[in-house]
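> Sequence:
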Amino acid sequence: MDFFYELFLFGSAYAVGGYFRDFMFSQKSRDIDIITDISNDLLKSLVVNSQVIYDVNRYGGIKIKLNSLEIDIWTIENNWAFKNNLVKLNDNDKLNSIAKGCFYNFDALVINLYTYDFNLRYFNDCIEKKELNILQEHPIYKNLNPSVEANIIRAIHLSKNYNLDFSKSTIEYLIAKIGYIEDKYSNSLERLIEIKNQYSKYQFITESDILNLQFKLREKQNSNQLKLDL
1 MDFFYELFLF
11 GSAYAVGGYF
21 RDFMFSQKSR
31 DIDIITDISN
41 DLLKSLVVNS
51 QVIYDVNRYG
61 GIKIKLNSLE
71 IDIWTIENNW
81 AFKNNLVKLN
91 DNDKLNSIAK
101 GCFYNFDALV
111 INLYTYDFNL
121 RYFNDCIEKK
131 ELNILQEHPI
141 YKNLNPSVEA
151 NIIRAIHLSK
161 NYNLDFSKST
171 IEYLIAKIGY
181 IEDKYSNSLE
191 RLIEIKNQYS
201 KYQFITESDI
211 LNLQFKLREK
221 QNSNQLKLDL
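Letter by letter, the sequence shown follows residues 1 to 230 of UniProt numbering.
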């Protein structure tokens, strides 16, 4: 594809998260998330000049359809964590910097699509401990993350599908953010169902799954328990 040839001439591109994980688990992927170190203006220019059909996705990245595969591309400079200086970019180890910019350790798989160098450090830690953890501990990072409801739904998905416990940091985040949603929308269950329905991959999550999480979190608030039995 000419677009990627041009992209590699100007910078590097890194696949992040599910595509690399699905490849390792011999599973089929429907989409791939890519982050690149070229400028946002250059990315848009390359896309337009390549004449590929594209859309702008919900967070300002570029969405390209390639046969049956959907490709979402963001620039590092336009990524919320790097843009707000919540994650520092180490030019000598971009793989690790990008991995640390992922919200959950389960999603922190990064591979350079040109050199095939990769970073699985945080993902391997998740698998070994069977524990879903938020990589950045700073409260500002957690509060500024724009995907609050999606993060909660994803925690349910990962716990249910991969039998993962939640770390103390993750439990505290879920308690705080479900409370925030309840205060803002009056009914956190309805809001989470509304957001869940926007993602085809989360359609199997039921109302009971969400209620179960809320119940377990309320129990946690009244105890010293660090694990949730979901």
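Since the hints were made in silico from the structure, they are not lab data. Think of the CB as a built atom: it goes at the ideal place given N, C-alpha and C, for glycine as much as any other residue. Possibly wrong hints are sitting among the right ones.
[What the hints assert, rightly or not] Here are the computed lysine-lysine pairs in the BS3-like style, where the Cα-Cα straight-line distance is at most 27 angstroms:
no. : residue 1 : residue 2
1   : Lys-130   : Lys-63
2   : Lys-130   : Lys-65
3   : Lys-28    : Lys-88
4   : Lys-177   : Lys-201
5   : Lys-168   : Lys-130
[As the list claims (entries may be wrong)] Taking CB as the label site, the calculated pair distances span:
no. : residue 1 : residue 2 : range
6   : Leu-211   : Asp-37    : 20 to 30 angstroms
7   : Glu-207   : Asp-91    : 24 to 34 angstroms
8   : Asp-117   : Glu-70    : 42 to 52 angstroms
9   : Lys-168   : Thr-115   : 29 to 39 angstroms
10  : Glu-190   : Ser-39    : 21 to 31 angstroms
11  : Arg-218   : Lys-63    : 32 to 42 angstroms
12  : Val-48    : Glu-137   : 31 to 41 angstroms
13  : Asn-112   : Asn-85    : 16 to 26 angstroms
14  : Ser-147   : Asp-125   : 13 to 23 angstroms
15  : Pro-146   : Ser-39    : 28 to 38 angstroms
> Name the hints, by number, that the structure is in violation of.
1, 2, 3, 6, 7, 8, 10, 15
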